[in-house]
Structures are given as C-alpha cells and as structure tokens.
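K.L.:
Next come the chains, spelled out residue by residue.
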Amino acid sequence: MTSLKKFFSELIRYPSAILGMSIILFLLGVSVYALTTIPYSEAVRLWRGGEDVWYQNPKYAPPAWFNAFSDKKKPVSFSVKTIDGSLPKTTTPSTDPEISTIDITYAFDYAYDDSPQELMIYFKSDIIEKLSFVSITWITPDERTIRIADMALSNKLTYRFTQDAKLQKRLKVESADVMQALFEDPDSPTQAIQKGEYQLVITGTSFEKAATIDAEFVLHGELYGAAGTDKYRRDLLLPLLYGTPIALAFGLLAALGTSVLTMIIAAAGSWYGGWFDELIQRITEVNLVLPFLAILIMVGTFYSRSLWVMLGVTILLSIFSGSIKTYRSIFMQSKESSYIEAARAYGASSGRIIFSYLIPRMIPLLIPALVSSVPSFVFLEASLALLGLGDPVLPTWGKIFYDAFYDGALYQARYYWILEPAILLMITGFGFAMLGFALDRIFNPRLRDV
Amino acid sequence: MTSETTGSSDSESTPGGKKSSKSAVVRVARYSLLRLVSMMFTVIIGVYLTILIANMGGYVDTIMRNEIRDNITQAIIANPVFRNLTTEAKADLIQTKIETEIDRRGLNKPFVVRSVGYLKNALTLNLGRAIYMKSDQGSKEVRLILLERLPATLLLTGTSYLILFFGSVYIALSLSRKYGSFWDKVIITFSPTSAAPPWFYGIFLILIFAAIFKILPFGGLVNSPSPDNPLDYGLSVLKHLILPASAVIISSMFLSIYNWRTFFLIYSSEDYVEMAKAKGLTARDVESRYILRPTLPTIITNFALLVITLWTGLTITETVFLWPGLGITLFRAIGFYDTPVIVGSTIIYAYLLAITVFLLDFVYALVDPRVKVSSGGGGSK
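Same order as they appear, the protein sequences are chains F and B.
The opening position of the first sequence corresponds to residue 672 in this note's numbering, with each subsequent residue numbered one higher.
The opening position of the second sequence corresponds to residue 77 in this note's numbering, with each subsequent residue numbered one higher.
Hints listed in this document are in silico derivations from the structure and should not be mistaken for laboratory results.
Worth double-checking, as some hints may not be accurate.
To be verified - Cut-off 30 Å, straight-line C-alpha distance, at most; resulting in silico cross-link-like pairs (DSBU-like, lysine-lysine):
{"hint": "1", "chain 1": "F", "residue 1": "677", "chain 2": "B", "residue 2": "290"}
{"hint": "2", "chain 1": "B", "residue 1": "261", "chain 2": "F", "residue 2": "676"}
{"hint": "3", "chain 1": "F", "residue 1": "880", "chain 2": "F", "residue 2": "827"}
{"hint": "4", "chain 1": "B", "residue 1": "261", "chain 2": "F", "residue 2": "730"}
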C-alpha cells in the first residue's frame, strides 16, 4: 500500500503523466456515459438506420458551434413533435362529440443570416374512415400572416414546404426560393433575412371521436447538433461517443492480451528450455516472415470483419514478436538468480516459479510497454476501418473516417467530418503514449539519468 | 535472430594456432549451414501459412468454381452461335467447357496437393499468373504486376525511410552531445506523436496543403494527363511525392530521434568514452571512434531491416494518397481473392528478410570484433 502511494507521488511529478491520466480518465468517463445512455442494440440500430431513423437531420451539416466562429450565422436544424410535448398541442371539443379542433402553435426565434434548406411537417392521424383536415399558417416577426396550405389528412402525411406547387404559385417563386420568400424581410433591398420570432400555426379538425392529430415540425438548417451529420443524415455524436468505449476496449484488450501472453510464453520458454523454448523461437521467426497487415486484411476480407475476430487475430500475430526475445534474455538471467534457486530448493512447482517469481519481477518492464502499445492498437482499428474492414455493425471512429474519406470530405471541404474522429484518436493516442512515457521513466530509472 | 555475442572461451584459448583456425572455418561453415537450414525452414512455414490463409483453407476454390460455372453458362447462353442447339446439347457443352476450365486451372486436384504445388512454385520464385489482376500493360504475370508497381513503392518508401533514418541518426548524435538542451526537450516532448501511423498525418497534410492552401496535389503519382517531357514528368512526380513522404517522415521522426539519442547517450557514458575525452580527443574523434564504432552493428541491423521493409510498401498510406505502389496492389489483390499475387508479394518479402538476417550475422562479425561464432545455435547471452 505504501509502495503504491510512493509510486503515485512519484507519478504526479511528471506533467506528462498527469496530462495522460486526465485524458484517459476523461475517455473512461465518456465511455461510461455512452454505454449507460445508449444500450448496445440501440447504438447498432441507430447507426445502421437509414432515412426512417434520421429523417429529421439535414445531410452533411457541420456542428452548430460553427456559428460561434463565423460572422454569418447559419441556421441550426431542429425538430419538435407533439408526441413528446416539445410541440404544444391543445384539443378543443366542440358541441358535436364527433368533431374536435386541434391547435398546434410553435413559436421560435430565428436569428440566422440564411434561410433554412427545408421545412417539413410530418402529420399522423389515427382516423378510421373520415379524413381530418388541417390548415397551416406562417406568421413572420413583422406580423404578416402567410397561408401555407390547407389539406385533408389521412393516416400519414408528409408536407414539405418547397415541394408544394400551390404555395410556390401563391408566393410567386420557384421551388428553390420558397424558403427565402418565407424568411426574407420584404423591405430589405438586399433580400436580408428577417430576424425575430416566427410562428407556425397548424389548425386541425378531426371528424372522428377517437381521432386526434399529431405533428412533427422539422427545420433542416445548415448546421446540426454538437458534432454535425454525415452523408446518411446520421448524428456524428453517436459514433464519436460510442466509438470511445470500443476504441478503449480494443486498444486495452489487445495491449493487455499481447503483452501478458508474450510475457508468460517467454517465461515458460526460458524456464522449461529444451524443445519448448526452441519451438517458441522458431514460431517467432516464422511470425516475422508473415506479413502482419496483409494477414489481417485477408482475415477481414475472407472470414469475418467482426471487431472481436480482428482483435483475436491481432493478439495472435503480435504475441510472437520481437519483444519475446527481449523478455526471454532477461528471464534467462533471472532464472539463474539465487531466489529462484531457493524456490527450487524448497520444492516450488514450475508454475509457481513462473507466475510468482519470474513474471512479477518483469512487471516494471511490462506496464510501460503495455500502456505505450495501446495507441498503436487504437490506430490499428482506425486503419482497418479506413481499408473498409471496419466492424460491419458497430459505430466506431474508424468508420467515420472511412465514410468521410470515401465520400470526398477532404475535397468538398467538409473538414469537421474528418477532424472530429481525428482529434479524438489523437488525444487518445497521446494520452496513453504520454502516460507510458512517464511510467517508463519511473520504472526504468536508468532512462532518467540519460 | 540475435547474433551469438558470446565471447566463448574455447575460441579465444589458442590464438594463432593452425589447428584452431581450421576448426574455426569448420565451425563457421557448420554455423552458417545451420542458420541457412533454419532460415529456409522458417521461410517455408511462413509462406505455406500465407498460402493456407490466402486460400481460406481451400474455400477460395469453391468461389472460383462457382464463378467459372456462372461465366461459362452466361457466355454460352448469350452466344448466338449456340442458339440453335437443343437444351440438352447446350447443357452438355456447358458441362464440358466448365470441366475443361476447372482442369485448366488445376481445380480438380485436392487442395492439399495443390497447396504443395503452390509452395513449390513460390519457393522457386515461379510466381505464375494472376487470376484476375492485370498490369497496366495488360499482362497477367504476377512478376510483371509486382515489378510494375515496384518503382513507385521504392520511390516513396526509399525517399522517406532514408531521410528518416539518416536524418534521425544524425540529429540524435548531435542532440546526445547537447543533452538536456532546449531541442532535446522538444524531441522528448514530441516523441509520443509517433503513436499515430503515417496515414493519419497524411490526412492532415492533405487537408492543409491540398484542400485549404491548394498548393500540392491530393494524391496520385503524376498529373493527369502525364507530361511528355521527362523533366516535367519528374517534377510532377516530385510534387506528388512531397505529401506522402512527409507523412511517413513526420509520423516516426520524433520517436526515432528519441530512441537513437537515448541509445547514443547510453554508449557515451561508457568508461572508454570518458577516457577518450580525458585524453583530450576532439569531439568529432570521440564520436566517430568511440561512440559510432561500437554502435555500428545496431545501426547496420536497423538499416538492413529498414531496407527490407521498403519492399512491403505502406498499404494504408498508399491507399490514402492513391499512390500506385505495392501496398495498394496487395490490398487490391486481397479484395480480388487473387492468391498468386498475395503469395508472390509475401514470398519475396520472406526471402529478402531471410537473406538479410542471414547476411547480418556475417556483417556483425566484420564490423564488431567482439562477436565470435560459437558452436551450436540457440543460446543467447
């Protein structure tokens, strides 16, 4: 216990260790948050979902905080719906019990310098035979009232403002200019956007006793959320959040598996010696000849792209690496030391000697090597994903890279799409690398002198 | 693959004796033979494993058979020449054609037999013909496909690795002299940046220099259409080389300098270096004779291993920069299930590695007088 305390007091003398540990703690926090708020099956469903899941989001929208760095404020997307109460709805029964009036009014502040891409209303009505009726009105900040549409409503209806020919006629504009017409200041010579509170008023009438009308109002702006969206309208926050535990799990498991197994095999080999040791040596040499990445690509292409299969193959191929020779030569030395002889004299079993005497002495070498090797495995996941060998169902950082890179995000100046996973990967890599670096100096004081 | 650095007593006991020099020759010969056999064994197993994986343990055969069936059936149904044949006659024709094709590709023999055949061909460097891939000249010879890509890969890996290697050794040497200086601290601080692979820096470089400033190309080997004038061609290639080569260099530069610097520092704290300094030798003499000389074997090993990795190319970096090298070819070959190309590129790497490791032992003996050949392998210091 005291040695642990001493170790930590030494560790915090290194600024890189503190920084590294804070980054790792932060990532662990994000992982816990992601895993508790989004269950695994939900994450996979959302990530694999198409238009039916993500229809409320615009395509290729940079994150909303872009506005903070720009003079020209771009519209931020939002969606509200009556089902969860974000879109207020009041139902007034009339004298006839069959007929009821439904009023849906949404007032929102619009303070952007551009008109949105599109406004949409998704209606839902649980009628049996008599159609409901709705009329939509638009009230601008200067109190102009524009009649948008009146229509009969069956069970489901999607109303898109720009696609309505009648509205285009009424506003005397083309489809592409409907948004501009709704949002522009009529007195402005430069066709500026009128800022202020807009109101959407939906008045519905239901002609059936049990029927009601629900609506979802969606504004497709230029920006969206904290992380933006991709080509498939998916909120990038999902893979960024959910990719954190996956990256950490992959990196840590691969690093732990590789270094611990390498250590055990090296210890057993040097302890038993003879043909067993010889076999390990030969396997190591064969492994050196095998092309690591090519085999991973082959396994991914031919057998399975599952992240966990990849993890297993990665560990398998990394066990018999050059470090087995380093460990072996150190074990060969400590095998001859007197405390091992003492253990042998009192009749300790081979297993006991390997696990209780040989390996614990190597922990100082093992831990820094383990921590330092985490980043390379985290990046390996991204590398495989970039080659199109990412896990088919899981949302990971590498998959964002893949989608962005092959959709030409770099050519089309959609930098946020590439930079978000890149920055996360980078801080993860640096966090572990910095901690490993400090640990190396603490456990191997020889490095400190030079 | 470490050399035997044991100063074994029997080889030093009778200096200059005629008998010992003869036995030394025998020992060297026996040692070399043993090494050669063990290396060959390693290469054979490594290549055979690759063949097994690249054929999915024989599953690729099933894919190929189905494809032959599909292609021939399609071709005969679509061919107007055979339109007048009866259904049975057509079926017969299809069947014979499929059998001929399967026979031609040697798919009728069991996989184990064929895999041994593949191994024999691979080991004798008879790389054979690709199944689907073609070189730009239209040849299906694996040898030609690989050779065509080799210059691009060598240009990229050669330029970047050589600059990286000699640059970092040189910088490390001068840093080890000024240990604790500002630049020394900078290198230490930045060494964790090497955790990221080259393609990662590549994406940033593309973003900055190609997308934002638009001064360098996004990727590829030359401008399209490629310039006729050899000088313009060369300049265009150089311009395309800057970003991928920088990505490779940046990604390993700091760690490489740091490692060499630590390595040189350990050697420059040896007693004999202190002694040389005390004698009043110049810094240059101390460096070249007392620090570089004993570290030469390590430098040579690292250089030799670097030279063979030139061959494998940088699969992902080449993919990101659309650099038409061996790495991207290997990746494409895997996508096409093109076993001969995969095995071909593996066997060449395996051979290069084995030869290099084998030769290194002798180079050690030449440059480092401390290395003695000991009888019997396996032992380590």
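K.L.:
Taken at face value, is the distance from the CA of residue 730 of chain F to the CA of residue 261 of chain B at most 30 Å?
P.N.:
Measuring from Cα to Cα gives roughly 45 Å; hence the hint is violated.
K.L.:
Within 30 Å, alpha carbon to alpha carbon, are residue 880 of chain F and residue 827 of chain F?
P.N.:
holds (18 Å)
K.L.:
Going straight from one Cα to the other, do residue 677 of chain F and residue 290 of chain B come out at no more than 30 Å?
P.N.:
Distance of about 54 Å is beyond 30 Å: violated.
K.L.:
Mind checking the alpha carbons of residue 261 of chain B and residue 676 of chain F for me, to see if they're no more than 30 Å apart?
P.N.:
OK: residue 261 of chain B and residue 676 of chain F at ~28 Å, within 30 Å.
When held up to the earlier numbered hints, the structure conflicts with 1 and 4 and fits the remainder.
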